[in-house]
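Can you build the whole structure from these sequences, using the hints too?
Residue numbers for the sequence shown follow the working numbering, so the first one is 1 and each next one is one higher.
It is possible that some hints are incorrect.
Straight line, CA to CA, 30 Å or less: simulated DSSO-like cross-link-like pairs of lysine-lysine [stated by the list, open to error]:
1. 255 to 267
2. 39 to 66
3. 173 to 267
4. 267 to 280
5. 255 to 288
6. 39 to 124
7. 51 to 150
8. 255 to 150
9. 173 to 280
10. 288 to 51
11. 39 to 51
12. 255 to 280
13. 150 to 280
14. 267 to 288
15. 150 to 288
16. 66 to 51
17. 267 to 51
18. 124 to 66
Since the hints were made in silico from the structure, they are not lab data. Source: prediction; values computed, not measured.
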Amino acid sequence: MNESQDQTDLRYMRLALDLGRRGLGQTWPNPAVGAVLVKDGVIVGRGWTQKGGRPHAETEALGRAKRAARGATLYVTLEPCSHEGQTPPCADAVIRAGIARVVSALEDPNPEVAGQGHARLRDKGIQVDVGLCADEARRAHAGHIARITKARPHVLLKTAVSADGKAGFAGRKPAPITGEIARERMFAMRAQYDAILVGLGTVLSDNPQLTCRLPGMDERSPIRVVLDAQLRVPLSFGVISTVRERPTWVVCSEKASPVAEEILQDKGVRVFRVPEQDGKLDLPDVLKALAGEGITRLMVEGGPRVAASFAAADLVDEAVLLHGAMTIGREGVDPLEGMTLEALTGSLRQVEEEQLGPDRLVRYVRG
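Right, dumping it as structure tokens:
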């Protein structure tokens, strides 16, 4: 394969990755896949996984290409599925369409696929090349991969830190650490996650909405998850009073009041019971419960106790720290209760740093 073809493949695969990212936060429990069909140097079809996980990216692209798909090359960010689910296998649709070549970024770790889709295509004489932009595809499909291989969602921990290393005023009062540009970036980031998790302390101190408060983005708001061991969340607070507009799930202890659970359920809240570990909700069981409901990407927004618990349990796959310019003072609340930030960042690798007006975003990932 010559250099020109290599560059051509790279360009179309990156386009497929960009298309797939449009579905992040909207396709669970399915991965957000992107697909591009190219014939004689012309894009004849493109697609991405639709809301709720169906239709799949490949069938979307094939549907747009129609007869022009015959003899084309398909660029796809994850192996076409080969098993019967709620829709027929994408591999069979690719075969029926007469695709000549498939360039796939990544083999699907799902044991129901796991190379069988690629094998089915090759058996029908289709050229299959696997591995282009594999690292980018692993990042894009981190939620799907974590749910399949670890039985839990991919976890991103986000926290804001003042110039003197604090996350809130004394008495756990919220502090406006970051400016408007950083807040808008966080609202946009929420839209790419299936669920957003906070502890009861954050609900009581901030009364947050936990939505995507950007024009036209509210419907992309994630599921709201509250850790509330004894079911003490006030019914008048936003995460409960607006549950008919945006779903809220509450995770409690197995010992929590059945009456309180029934009251929340009558309001429209879903309640999940998990075991306690040392007097706290067992986080691996929390994540297992969320994964069992199809959640693949979880954004943890706090507060300091919850953040420290996730860090101490080594359950953080990715961290975003927003460093603000304001100072709070020695009496302020630490971002991770009882832990230094280095206890979190020391186990991760910094991959990004960006200035957002007066604030600074630093992103870390595992490995």
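Against the structure, the hints come out as follows:
Distance check on the hinted pair: residue 255 and residue 267 sit about 21 Å apart at the alpha-carbon level, within 30 Å; holds. Straight-line distance between C-alpha atoms of residue 39 and residue 66 comes to about 12 Å, which keeps the hinted pair within the 30 Å bound. Proximity of residue 173 to residue 267 is assessed by CA-CA distance (about 28 Å); at most 30 Å being required, the pair is judged to hold. For the suggested pair residue 267 and residue 280, the alpha carbons sit about 25 Å apart, so the restraint of at most 30 Å is met.
Distance hint between residue 255 and residue 288 is fulfilled; the C-alpha atoms sit about 19 Å from each other, no more than 30 Å. The straight-line distance between the Cα atoms of residue 39 and residue 124 is roughly 19 Å, inside the 30 Å bound, and the hint therefore holds. Straight-line distance between C-alpha atoms of residue 51 and residue 150 comes to about 24 Å, which keeps the hinted pair within the 30 Å bound. Taken as a hint, the residue 255 and residue 150 pair is honoured in the structure, with Cα atoms around 27 Å apart against an allowance of 30 Å.
Note on residue 173 and residue 280: the hinted pairing holds, with a Cα-Cα distance of about 23 Å set against a maximum of 30 Å. Of the pairs offered as hints, the one joining residue 288 and residue 51 holds, with about 23 Å between alpha carbons and a cut-off of 30 Å not exceeded. Under the criterion of a C-alpha separation no larger than 30 Å, the hint pairing residue 39 with residue 51 is consistent with the structure, at around 28 Å. Distance restraint check for residue 255 and residue 280: the Cα-Cα separation of roughly 12 Å lies within the 30 Å cut-off, and the hinted pair is therefore satisfied.
Distance restraint check for residue 150 and residue 280: the Cα-Cα separation of roughly 22 Å lies within the 30 Å cut-off, and the hinted pair is therefore satisfied. Restraint check for residue 267 and residue 288: the C-alpha separation of about 25 Å stays at or below 30 Å, so the hint holds. Restraint check for residue 150 and residue 288: the C-alpha separation of about 9 Å stays at or below 30 Å, so the hint holds. Taken as a hint, the residue 66 and residue 51 pair is honoured in the structure, with Cα atoms around 22 Å apart against an allowance of 30 Å.
A threshold of 30 Å between alpha carbons decides the hint, and for residue 267 with residue 51 the separation of about 26 Å falls inside it, so the pair holds. About 20 Å separates the Cα atoms of residue 124 and residue 66, which keeps this hinted pair within 30 Å; it holds.
The structure is consistent with each of the numbered hints, conforming to all of them.
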